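Chemist: When you get a sec, could you build the whole thing from the sequences and use the hints?
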Amino acid sequence: MRIQWGRIVFLIVICLFMTGCWDAAEIDELAIVTASGLDLAKTQNDPSGMTAYLQIAIPSALGTTSGGTPSSTTGTTGTFSVSQGTGNDVVEALQAAMSKVSRKIILSHRRVMVLGEDFAKNGVGNIIDEIVRNPGSRMRTILLITYHNPASTIMKLPYPLERIPQEAVVGFVRESSKMEFTVKDFVEESEHGDPFTFGIEPMGFPEPSEDNGFVLQHIAVFQNEKLTGWLDGDDVDGFLWLRGIITSRYSSNQVPGHPGFVDTRMLTSRTIRKVTWAGGKPQVTIRAEANENIVENDTDLNLRKGSDIQLVEAAASKQIEDNMKSALTKLQQEYQADPIGLMDEIYRSNPRWWHSIQNHWREEYTKVPVQVQVEVHIRRSGLITPNV
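The numbers in the working numbering rise by one with no breaks, and the one at position 113 of the sequence shown is 113.
The hints are simulated quantities; they were obtained by calculation from the structure and are not laboratory data.
Nothing here was measured: the structure is a model prediction, and the numbers come from that model.
Watch out, some of these pointers could steer you wrong.
[Claimed, not checked] Heads up, simulated DSBU-like pairs for lysine-lysine below, C-alpha to C-alpha not over 30 Å straight-line:
1) Lys367 with Lys121
2) Lys121 with Lys178
3) Lys274 with Lys325
4) Lys274 with Lys330
5) Lys274 with Lys305
6) Lys274 with Lys178
7) Lys274 with Lys184
8) Lys330 with Lys318
9) Lys184 with Lys325
10) Lys178 with Lys104
11) Lys226 with Lys318
12) Lys305 with Lys178
13) Lys330 with Lys121
14) Lys184 with Lys226
15) Lys178 with Lys330
16) Lys274 with Lys318
17) Lys100 with Lys178
18) Lys281 with Lys226
19) Lys330 with Lys226
20) Lys281 with Lys325
21) Lys318 with Lys305
22) Lys156 with Lys226
23) Lys305 with Lys367
24) Lys325 with Lys226
25) Lys178 with Lys318
26) Lys100 with Lys121
27) Lys325 with Lys121
28) Lys178 with Lys226
29) Lys318 with Lys281
30) Lys226 with Lys305
31) Lys274 with Lys367
32) Lys330 with Lys305
33) Lys281 with Lys367
34) Lys121 with Lys184
Modeler: Have a look at this one:
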């Protein structure tokens, strides 16, 4: 019994010398990366080398003043610093950038990865591989491609409403689409078709101002892992409808024979895709449905009348249908890329047929007939039905 108590006392004494954590790190010893970027860069050993950028938050600039009021650093470059390094591959470039920072680099809080357009055209497989393999990285990181700019341009831009500019990216994506556009999404899309993501550019491009920040207005279209083209303007809207990931939006609809516009706000939407077969060949029907409210009417339409409401619904439906068809034509005929996921729909409908044409799917893809149907319902026309 005495020996047993002696062992217990010995273990308690030993525990007193083992307090703390072997891998503890103080916050003032860490460099928290909020965003990173990659550009192509010629190096001595490899003409296809790359430059990595690490956007690191400056904690002292993100707190409050001594009086407890927020610091006045919102929308300035004083809240972050950018470290860069060049190497022959992703890891070497990142290591070169890390070597210029006096603190331990933490990547787990990185919200955004920005790739230069030239880098994306050369292929993004290497950076995707690094993120997936690196336990310090997160698959929830948002992946963006710069539109006609190097990644360095975006990495150094502040955003007027946010202390950390990449928080604005999260807001842009959330307000624009039901998809998060993360690395995880990119990898999953690669398995079912061709991946895609948002393009990011300085506000006011091609003559940007550092005070304006940046915007997400284009869709980057890939073939496998290489950037092949862009969707812009109404084609972006059409593509989001084709994918069924569009969120609340406003649109101006012109009703034939009635000068002016009727503006609507989308409440809910859904997109249904169906594959049918005729003569041993697939045919795809994409049906989009939306419920909308009227928010402004500067036409002579009387929105008390059911017939006039139907005219607005027809005009809104046609606008969405035209946008969807325009985006589809560009994807099928110009880029021969399948970010819509038709490959996956056809495969699930008839795996045997898809395997028979797998080696020349791109050629077959351009020939697949796609019928677009749109139905918009106006739920509310407002308290004042005629034009004021």
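Chemist: Hint by hint, note whether the structure agrees.
Modeler: Now the hints, each set against the structure:
Simply put, Lys367 and Lys121 have alpha-carbon atoms about 26 Å apart, close enough for the 30 Å limit, and the pair holds. Distance restraint check for Lys121 and Lys178: the Cα-Cα separation of roughly 26 Å lies within the 30 Å cut-off, and the hinted pair is therefore satisfied. Distance check on the hinted pair: Lys274 and Lys325 sit about 16 Å apart at the alpha-carbon level, within 30 Å; holds. A threshold of 30 Å between alpha carbons decides the hint, and for Lys274 with Lys330 the separation of about 21 Å falls inside it, so the pair holds.
A hinted pair counts as satisfied when its Cα atoms are at most 30 Å apart, and Lys274 with Lys305 does not qualify at roughly 35 Å. At roughly 21 Å between alpha-carbon atoms, Lys274 and Lys178 fall within 30 Å of each other, so this suggested pair holds. The hinted pair formed by Lys274 and Lys184 meets the criterion: a straight-line CA distance of about 26 Å does not exceed 30 Å. Note on Lys330 and Lys318: the hinted pairing holds, with a Cα-Cα distance of about 18 Å set against a maximum of 30 Å.
A hinted pair counts as satisfied when its Cα atoms are at most 30 Å apart, and Lys184 with Lys325 qualifies at roughly 28 Å. A threshold of 30 Å between alpha carbons decides the hint, and for Lys178 with Lys104 the separation of about 35 Å lies outside it, so the pair is violated. A threshold of 30 Å between alpha carbons decides the hint, and for Lys226 with Lys318 the separation of about 33 Å lies outside it, so the pair is violated. Note on Lys305 and Lys178: the hinted pairing is violated, with a Cα-Cα distance of about 34 Å set against a maximum of 30 Å.
Restraint check for Lys330 and Lys121: the C-alpha separation of about 18 Å stays at or below 30 Å, so the hint holds. Between Lys184 and Lys226 the alpha-carbon distance is near 17 Å, which keeps this suggested pair within the 30 Å criterion. Our distance criterion of 30 Å between C-alpha atoms is met by Lys178 and Lys330, whose separation comes to about 23 Å. With a C-alpha separation of about 20 Å, the suggested pair Lys274 and Lys318 falls inside the 30 Å cut-off, and the hint holds.
A hinted pair counts as satisfied when its Cα atoms are at most 30 Å apart, and Lys100 with Lys178 does not qualify at roughly 38 Å. This hinted pair checks out: Lys281 and Lys226 have alpha carbons roughly 29 Å apart, not beyond 30 Å. With a CA separation close to 17 Å, the supplied pair Lys330 and Lys226 stays within the 30 Å bound. Taking the CA atoms of Lys281 and Lys325, the gap is near 21 Å; set against the 30 Å cutoff, the hint holds.
Straight-line distance between C-alpha atoms of Lys318 and Lys305 comes to about 20 Å, which keeps the hinted pair within the 30 Å bound. Taking the CA atoms of Lys156 and Lys226, the gap is near 25 Å; set against the 30 Å cutoff, the hint holds. A distance of roughly 43 Å separates the Cα atoms of Lys305 and Lys367; the hinted pair therefore is violated under the 30 Å criterion. The suggested pairing of Lys325 with Lys226 holds, with an alpha-carbon distance near 24 Å, which does not exceed 30 Å.
Taking the CA atoms of Lys178 and Lys318, the gap is about 23 Å. The hint holds against a cut of 30 Å. With a CA separation close to 28 Å, the supplied pair Lys100 and Lys121 stays within the 30 Å bound. Taken as a hint, the Lys325 and Lys121 pair is honoured in the structure, with Cα atoms around 26 Å apart against an allowance of 30 Å. Taking the CA atoms of Lys178 and Lys226, the gap is about 24 Å. The hint holds against a cut of 30 Å.
Our distance criterion of 30 Å between C-alpha atoms is met by Lys318 and Lys281, whose separation comes to about 28 Å. Between Lys226 and Lys305 the CA atoms are separated by roughly 52 Å; this puts the pair beyond 30 Å, and the hint is violated. Distance restraint check for Lys274 and Lys367: the Cα-Cα separation of roughly 17 Å lies within the 30 Å cut-off, and the hinted pair is therefore satisfied. Proximity of Lys330 to Lys305 is assessed by CA-CA distance (about 39 Å); at most 30 Å being required, the pair is judged violated.
Taking the CA atoms of Lys281 and Lys367, the gap is near 10 Å; set against the 30 Å cutoff, the hint holds. Taken as a hint, the Lys121 and Lys184 pair is honoured in the structure, with Cα atoms around 20 Å apart against an allowance of 30 Å.
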